[in-house]
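K.L.:
These are the residues of each chain, in order.
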Amino acid sequence: MGLFSLTRRNMLIAGAVVMFTVLAVRLIYLQLIDDTLKLSADNNALRYETLYPPRGQILDRNGRVIVGNMNIFDIMVTPADVREFDTLELCRILQMDTSEMFKSFRYYKKYRSRIGYQTLIFRKNVPAEEYTLFIETKSRYPGFSGAPRTKRKYEYNAGGNLLGYVTEVDESFLSSHPDYRSGDYVGRTGIEEVCENELKGEKGCRIYLRDSRNIIKDHYMDGANDVPAVPGENVITTIDAELQSYGEYLMKNKVGSIVAIEPSSGEILTMVSSPGIDVDVLGDIGKYYSELNSDPFRPLFNRAVMSTQPPGSVFKLVNGLIALQEGVITPETRFSCSNGYHIGKLTVGCHSHYSPIDFRTSIMMSCNAYFCAAFRRILDNPRYPSIDSSFTRWREYVQSFGFGVKLGSDFPSEKSSSVPSVKTYNRMYGKGRWNSVSCISLSIGQGEMGCTPLHLANLAAIIANRGFYHIPHIIRHHKDAETDAFFAGKHYCMVDPVHFEPVIDGMWKAVNAGQGLGGTAPIAHVDGLEICGKTGTAENPHGDTHSVFVCFAPRENPRIAVAVYMENAGFGGTWAAPVASLMVEKYLRGEEPLSPEREELERRMAESNLLHKNPASKKYVKSPNAKK
Amino acid sequence: MNFRQKIKHIGWLPVFCWLFLAVFGWLNIYSSVYTDDMTGIFSFSVKSGNQFLWIMMGMAAAFLILFVIPPRIYTSLAWVFYVSVIILLVLVLIVGKEVNGAKSWMILGPVSMQPSEISKLTTSLLLSTIMGSYGFRLSDWNSFFKALAVVLVPVALIALEPDMGTILVYCSLAFVFYREGMSGWIIMFVLLCVLLFIVTLKYSACSALLVLTAVMGVVHSLESRRFIRTLWPYVIFVALFSFFPRLYGSGLLTFLNFMAPEYWILPVSVIFMAIMSRIKRRDRRMRMPRYLILSFICSVALIFSVQHIFDEILQQHHRDRIENLLGISQDLKGAGYNVHQSEIAIGSGGLFGKGYLNGTQTKFNFVPEQSTDFIFCTIGEEWGLAGSLAVLTAFLLIIISVIKTAEKQRDAVFRIYGYCIASVFFMHVFVNVGMTIGIMPVVGIPLPFMSYGGSSFLSFTVLLFIFLRMDLERWA
Chain A
10 MGLFSLTRRN
20 MLIAGAVVMF
30 TVLAVRLIYL
40 QLIDDTLKLS
50 ADNNALRYET
60 LYPPRGQILD
70 RNGRVIVGNM
80 NIFDIMVTPA
90 DVREFDTLEL
100 CRILQMDTSE
110 MFKSFRYYKK
120 YRSRIGYQTL
130 IFRKNVPAEE
140 YTLFIETKSR
150 YPGFSGAPRT
160 KRKYEYNAGG
170 NLLGYVTEVD
180 ESFLSSHPDY
190 RSGDYVGRTG
200 IEEVCENELK
210 GEKGCRIYLR
220 DSRNIIKDHY
230 MDGANDVPAV
240 PGENVITTID
250 AELQSYGEYL
260 MKNKVGSIVA
270 IEPSSGEILT
280 MVSSPGIDVD
290 VLGDIGKYYS
300 ELNSDPFRPL
310 FNRAVMSTQP
320 PGSVFKLVNG
330 LIALQEGVIT
340 PETRFSCSNG
350 YHIGKLTVGC
360 HSHYSPIDFR
370 TSIMMSCNAY
380 FCAAFRRILD
390 NPRYPSIDSS
400 FTRWREYVQS
410 FGFGVKLGSD
420 FPSEKSSSVP
430 SVKTYNRMYG
440 KGRWNSVSCI
450 SLSIGQGEMG
460 CTPLHLANLA
470 AIIANRGFYH
480 IPHIIRHHKD
490 AETDAFFAGK
500 HYCMVDPVHF
510 EPVIDGMWKA
520 VNAGQGLGGT
530 APIAHVDGLE
540 ICGKTGTAEN
550 PHGDTHSVFV
560 CFAPRENPRI
570 AVAVYMENAG
580 FGGTWAAPVA
590 SLMVEKYLRG
600 EEPLSPEREE
610 LERRMAESNL
620 LHKNPASKKY
630 VKSPNAKK
Chain B
138 MNFRQKIKHI
148 GWLPVFCWLF
158 LAVFGWLNIY
168 SSVYTDDMTG
178 IFSFSVKSGN
188 QFLWIMMGMA
198 AAFLILFVIP
208 PRIYTSLAWV
218 FYVSVIILLV
228 LVLIVGKEVN
238 GAKSWMILGP
248 VSMQPSEISK
258 LTTSLLLSTI
268 MGSYGFRLSD
278 WNSFFKALAV
288 VLVPVALIAL
298 EPDMGTILVY
308 CSLAFVFYRE
318 GMSGWIIMFV
328 LLCVLLFIVT
338 LKYSACSALL
348 VLTAVMGVVH
358 SLESRRFIRT
368 LWPYVIFVAL
378 FSFFPRLYGS
388 GLLTFLNFMA
398 PEYWILPVSV
408 IFMAIMSRIK
418 RRDRRMRMPR
428 YLILSFICSV
438 ALIFSVQHIF
448 DEILQQHHRD
458 RIENLLGISQ
468 DLKGAGYNVH
478 QSEIAIGSGG
488 LFGKGYLNGT
498 QTKFNFVPEQ
508 STDFIFCTIG
518 EEWGLAGSLA
528 VLTAFLLIII
538 SVIKTAEKQR
548 DAVFRIYGYC
558 IASVFFMHVF
568 VNVGMTIGIM
578 PVVGIPLPFM
588 SYGGSSFLSF
598 TVLLFIFLRM
608 DLERWA
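Protein chains in written order, with the working numbering: chain A, 10 to 637; chain B, 138 to 613.
Pulled out of the complex, with its shape left as it was, chain A reads as follows:
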């Protein structure tokens, strides 16, 4: 046999050498080439105890702490190490029921193979006094240990939707964020989410050697490789904490939102969404989450940036400015109004007032007919060959006011508003089969458009600035100068500053003209504050009209622009205007006491409960005013 020509002795020696070579090759592979095994070995033997950094604080524009931290304590247990102990004594210290404790231990017993030598949380959020008692007697309870950690502490009732909450990361979050580990906490929604990178700090770790039973044997290299935790940075927001909590107070038991902006900088002073998440609930949101989620008033929904609603008469300001800019009207142009605007079979109703009126008066009185006429002049302007082009032009104007786009603020989950385009009407009526009458509702901010309260506040800021805005934002100093520069940039709308004066005149009159002259919001008048405002009463298919008010003050060098949107509350002048004026007064006058009438108004606003007017309420009764 050719293959076996070697002597048998040599065959056997060769065989042994070959087989040992196989072993050697495999050893070389395992020990020199395959790196994954070294990693597994470290994971096996080193236990990384994570040191969680305290989260950064959230400060308001004046340096007041809105969200801070407090120490809380968890009691941990390693079931495998538990020996006989005085259960009654421990129950007394931790103020828990014996049945509760037995329930836990039945669970540990049932799943003992799965639990193995793991350490589990035995009791969460133990107060400091109980914790001290426990630590003193800890040696009597083998297997139990204490673990301090920090929890969010809320100094102001600043509203859960604005602040956001901190929660343990879940599966879906982990799968999209590889830099987080199970057990980490992360800020969700609101400022906590915006500033997650600054607030979270850097985790540290302490490295121990452990054996196969997970028992700590040694401090690895005496801590040479330990990494200390870096506390999260504090974040300075643009929020005024006092104003914010005042807004929350006024909006209690009402559905709607308040947004206040400092016009000169675009800084958001207040962002209230009501009903919101109470700060008492915010710390343990996990416990209440399903309850909040099933609440008919949707408290998790941040109305201030997410709820797109028709702006109502407030939008007349925009149309008026466009008409002036386009030159189709002058401030002196008068239109007559006979309880509404009539064309063919169509009637856009209006309240009774003298007629005809000029531009300033039309804003003061919020005359529907005036703006219907003005709007038709914009669209039927002979300068443009067709309604398509004039409408597109109009839309460009509207978009330059921030409508129809996402403003691009640094606040998460901001919604865009909607402004119809030529396409919208082509789809609805067919190409060439619609005209300025078809979209007449847009003249008074109804119909096929919607915007968020943030957009309305931004509108107030544009008017206050006479023609430009800064993108509203909530963080004072961003991590990178680029972002700060971005928010410092001015965005001009397509209307010249000169056209703003008549509009502001009208707004001033609406508030300050005095009772009986037909102004829509005399209730918002505060002596010396020079508030300029515009009411809106937005019709909607869901129930009573929405009460809307935008304003800014003072008239010259405005310091605050406010938008108040109260769903299904009624007239703009009845609810939104007083709330807005109270906000302005609070901001501009600070702690100064209110006049007796104003105090009465404040009390009435704060104590009124309008929830029953919302169709989501169980007690909802359809108001006779509500449109079908």
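Just so you know, the hints here were simulated from the structure itself, not pulled from any lab data. Any given hint might turn out to be false.
Partial chain B-side listing against chain A, Cβ under 8 Å, derived [as the list claims (entries may be wrong)]:
1. Ala311
2. Phe312
3. Tyr315
4. Glu480
5. Ile483
6. Gly492
7. Leu494
8. Leu522
9. Leu526
10. Leu529
11. Leu534
12. Ile537
13. Ser538
14. Glu544
15. Arg547
16. Ala549
Even for Gly, the Cβ is constructed at its ideal location relative to N, Cα and C.
Starting from the known structure of chain A, arrange chain B on it as the hints suggest.
P.N.:
Chain B alone, transformed into the frame defined by chain A:
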């Protein structure tokens, strides 16, 4: 022969290797059980202390064997030793203590031992006595079966315990038979069977049949004196039919689906080989030898019974370990735990290891049985590739030197005994190290001289030194 002559002629290389392995093993046993509050390497409260005692006893035994006991005793009393160990093997089945599912431990007061460890020695002694006796010829059926029976009796008793590892070690005695004239084809055939078993389990009976055809082709070509001319039809056949299972599954050949693919491949390859062997009529140089046909039939029988053997005859833990080894299933917490942890430990060692007593894996009990069957992990982790290769080299030196010395013996008994112990050492080392690095299934057999345990250390030492004493007879 006096003391000085003996000292002069002793095979010092295996003695030094033995000493190195024993001491190195002892140090690593200490490391594997080491904790910070240890009393010391000599303390009898820990395993290293006991192992030191065994090493001392082993040295004493070696001294007695080399300088006191006349070597002829082993051959003349081989039967006595053999029968008494057989009695022990029977007894252990009745009164033995069950450890890890095998009834292999005999406890006599303070001493506990494994008769199967000693049986390797006695069986080797009797086997070499019989095979080396005058008039013994392996080609004679009578003699052959006599030798085979000597091996099979203890194997049968150990199989009842059951101790798969030791049976595997007994299989290595096939090398002795090979040296003494048994056809090498039998060993090749056993290896082929293992290969076919693995391929059938891991892939399919189809693939196994194609592998078999390929092997047949290679051997056929080697046998005929026209290598290329015989081989190429086989290559084409196997290449073509390797696509068959995929075609079969693709739905193009639905008319064949009433029969499983392996039942199609079998007749086709049989016909093919029949044609190949018919060529011999015209060209005598390409005839197919009869033993090849016999092997083919046996292999086909094996392939079709693999699933049955695997499911019905093997026990669950064997199935788990084999599946884990072949990567059919991966259960890192269960059957695969030992091997996985062991690979991690060895792999983390790198080139020079983490240093003595610094192993994190073996020290903290991640690897079970680390002082006994998995002692090689400690070496791999703390001494790295350098230490592992040193150990393997020492073993290889012992094996090669034993084989070479065996060939020099004038007495056939001594020669055969030498081959016996070389085979036993080889199998122990290969299987033990192989299982710690994941290329052999986990069977509980110790690493000679290194694993913790008295009966294993002493029996290996005696096994080796009896041969060294026999070797001295050349100068008598």
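K.L.:
Under 8 Å, Cβ to Cβ, is where Ala549 (chain B) needs to be relative to chain A, so tell me if that hint holds or is violated.
P.N.:
Given a least distance of 14 Å, the restraint on Ala549 (chain B) is violated.
K.L.:
Next item in the hint list is Leu529 (chain B). Is there a CB on chain A closer than 8 Å to its CB?
P.N.:
At 6 Å from the nearest chain A Cβ, Leu529 (chain B) passes the 8 Å test, so the hint holds.
K.L.:
Using the nearest Cβ pair, does Leu526 (chain B) come within less than 8 Å of chain A?
P.N.:
holds, 6 Å
K.L.:
Given Ser538 (chain B) was flagged as interface, is its beta-carbon under 8 Å from a beta-carbon of chain A?
P.N.:
Check failed: Cβ of Ser538 (chain B) comes no nearer than 10 Å to chain A, outside 8 Å.
K.L.:
Taking the least C-beta to C-beta distance, is Leu534 (chain B) closer than 8 Å to chain A?
P.N.:
Violated: closest Cβ of chain A sits about 11 Å from Leu534 (chain B), beyond 8 Å.
K.L.:
When the nearest CB of chain A is found for Leu494 (chain B), is that gap smaller than 8 Å?
P.N.:
violated, 13 Å
K.L.:
With 8 Å as the cut and Cβ atoms as the points, is Arg547 (chain B) at the interface with chain A?
P.N.:
violated, 16 Å
K.L.:
Quick check on Ile483 (chain B) please, does its C-beta sit within 8 Å of some C-beta on chain A?
P.N.:
Nearest chain A Cβ about 5 Å off; hint holds.
K.L.:
Holds or violated: is the Cβ of Tyr315 (chain B) closer than 8 Å to a Cβ in chain A?
P.N.:
holds, 6 Å
K.L.:
Holds or violated: the hint that Glu544 (chain B) contacts chain A, with Cβ atoms closer than 8 Å.
P.N.:
Because about 5 Å separates Glu544 (chain B) from the closest Cβ in chain A, which is inside the 8 Å limit, the hint holds.
K.L.:
With a cut-off of 8 Å on the beta carbons, see whether Phe312 (chain B) makes it to chain A.
P.N.:
holds, 6 Å
K.L.:
With chain A as the partner, please determine if Ile537 (chain B) meets the hint condition of a C-beta pair closer than 8 Å.
P.N.:
holds, 6 Å
In this structure, the earlier hints numbered 1, 6, 7, 11, 13, 15, 16 are contradicted, and the remaining ones agree with it.
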